[in-house]
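Asker: Below, each chain spelled out in residue letters.
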Amino acid sequence: MKKILKNITILLCSFLGLGLIYYFLLPTIFKDNQKNNEVHAFRIAVFQPATHPALDEIAQGFMDVMNDSKQKYIFTRYNANGNKILMYAQAQEILQKSYDLVFTIGLGCSMAMKELTAKQNNHIPIVFCAIDDPVTFKLQGKNITGVIDQADYTKQLDIVLQLRPSIKKIMLIYDVSQGSGLEKDKEIIRSILQDKNIALQAVEINNLTEIQQKATAFMNQVDLVMILKDNTIVSGIDAIIKLCQKYHVPLLASDLNSSEKGAALAYGIYEYDSGVHGALQAKLILEEGKIPRDVPVIAVDNMVMKINRHQAETQGFYLDFDNIIIADVILL
Amino acid sequence: MLNFLMIVIEQSLIYLPLALGAYMSLSLLKVPDLSLETAYLMGAFFGATALSYVVEYSLWIGFMVTMFASICGGALVGLTSSFITSYGKVPHLLSAIITFGLFNGIFQYFSSSYQSLAGYENVLMLFSYGKQYPEIGGLIIGCTFVFILYIYLLSTQLGYSFAIFGFNPLFFKHFNISTPYVFITGIIIANGLAGFSGFLFAQTSNFIELNMGIGKSLFYITTLILGRSVIYHTKISIGIPVAGVFLYFLIQQVLLQIGFNLQYFTMIQSLLILLILLTIYKKDRSLPLHDQLGV
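Residue numbers (our numbering), protein chains in the order written: chain P, 1 to 332; chain C, 1 to 295.
Keep in mind that a hint or two might mislead.
What the hints assert, rightly or not - Quick partial rundown of chain C residues pointing at chain P, CB under 8 Å, derived from the structure: (1) E56; (2) T144; (3) H174; (4) F175; (5) S178; (6) Q253; (7) L256; (8) Q257.
Stated by the list, open to error - Covered by chain P, according to a simulated footprint, are these stretches of chain C (three or more residues, beta-carbon under 8 Å): (9) 64 to 71; (10) 152 to 164; (11) 272 to 280.
Simulated from the structure, these hints should not be mistaken for laboratory data.
For glycine and all other residues, C-beta sits at the position ideal for the given N, C-alpha and C.
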């Protein structure tokens, strides 16, 4: 009897031992196998305020560089279509979906994300892009870094005046409701032009439909129309191009993509490079585990002037194009 | 001076159909019709879509087809909002807001929020008056055509019915005439005109945009009040929207020429409305102010 009880006890202990091994050891082995077979994919939200080529190029530059690595990335793109209410709703959605990183393009999206993360005490890393002065807008924090894109209006206007010294009055069209430092840019341009004895006619608009009504009145009085890196204006540049063609006044844009759309002159950076720099920062955060605050903010400064030869002639900007000897000028 | 006048005329012609539409729904039918804003957008969208199909045809055919398409686009919005009002027993202001939401989604489903028309032939360039005003011929022909039809319509029995509806919506019920027929037809025509105006704007600016109709209500209310302040001796006159729209752009361009910052133009519009309502309307108490808008 004792022998039987002893055998049963040994058998039960063996089962218990096997059970414990099965319960604790096997899942670990199984999990390790799974880890070896699958590469963890980081989820990234790419957040832009509107659709226009410059913003799309930044996003493309970012995604191309991120995808150029062994690490797998899944991108979800958010576009507010120029609607500020939609922008905040999308920012909320990004936070709710707990992405590993948010890549924000432009001030509006970056500010929306920064404010929401601060309010909700959320530490999702934010990499911003296409912002000229993050300090003024207090776009700083433990979870924020990004790429600065500073305009150089002195050099931009110098090149234009070298090309056409007879310019006496410039019209600047910008959206006052953007609130992204465009007023400050206007004052900088005004002071540069004052030194050169050139008058500035500022035309403030609130939406694209106002361009035609407000700008037309001055088209006969100006020698050049200038636009800034203004999401509203750049996304709806067709109306200004049409006016410039109609009144034979050249258009000077502050982003290179606008030259392909029809601006006679465009001065700025290659937007794609901004996205590339943003991607390098994002990799430092996600792949090397750095805290965004410790990743330095980078400035992109590879500025060039593009001249759209056909549009320049259509807009009354006649030059001896083949004999331009100014550095950083590219003919299209 | 010539350039100044041409700008005023050109802008007035672009927005004249919208003012005529607003006059029909706000002044004759006396309905707070905000769906005109949506019709403005959808008219531009339908016209732009038609534009892509007429690239191989002559400008005249293109002009007629896009004009018809844009009127249909606006009319569709009018049909939807007036149908919801008549058969859903929903106040028209609410059905206009519902319609706005519906067509906002439809627009985004079929088009991107911004669409450039730069790649298409400009169907308004039928004749060119000088190099700076190549579209004026198309604008004059389009607006004259619409204007003649509008005058003819108002002289018919149906035209009178719109004004009767405005003064007494229950009138037709007593005579066994279909009230929804009068109401729906009026709103469809008004919105069709707004749609045509939207297309004229899109063609002259070379783009259509999701938010292009937003804020137009303040514009058409201002034009009607301005027009009424000039032609206030008669209760019904087609001169009201015509004078209103011309005065609106005249004031706007004068303000621009004297160096006024148009950033505050919306505020000026509101102040202008208030001023007219407090002076001219108060002086002549015989003026009709049956509806909430007073236009």
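Asker: All hints are to be evaluated individually against the structure, with a verdict given for each.
Answerer: Checked hints:
At a threshold of 8 Å, the smallest CB-CB gap from C:E56 to chain P is about 22 Å, leaving the interface hint violated. With its C-beta approaching chain P no nearer than about 22 Å, C:T144 sits outside the 8 Å limit, and its interface hint is violated. Checking C:H174 against chain P: minimum C-beta separation of about 44 Å lies over 8 Å; hint violated. For C:F175, the interface hint is violated, since its Cβ never comes within 8 Å of a Cβ in chain P; the closest pair sits about 43 Å apart.
At a threshold of 8 Å, the smallest CB-CB gap from C:S178 to chain P is about 37 Å, leaving the interface hint violated. This hint holds: C:Q253 has a C-beta 6 Å from the nearest C-beta of chain P, less than the 8 Å allowed. With 8 Å as the threshold, the beta carbon of C:L256 comes within range of chain P, its nearest partner Cβ sitting at about 4 Å, so the hint holds. Checking C:Q257 against chain P: minimum C-beta separation of about 7 Å stays under 8 Å; hint holds.
Given as covered by chain P, the segment 64 to 71 of chain C fails the check, having 0 residues with a CB less than 8 Å from a CB of that chain where 3 are the minimum. Under a criterion of three residues with beta carbons nearer than 8 Å to beta carbons of chain P, the stated coverage of the segment 152 to 164 of chain C fails, only 0 such residues being counted. Figure legend: the segment 272 to 280 of chain C, annotated as covered by chain P; annotation inconsistent (0 residues with Cβ-Cβ distances under 8 Å, at least 3 required).
In the structure shown, a violation is registered for the earlier hints numbered 1, 2, 3, 4, 5, 9, 10 and 11, in ascending order.
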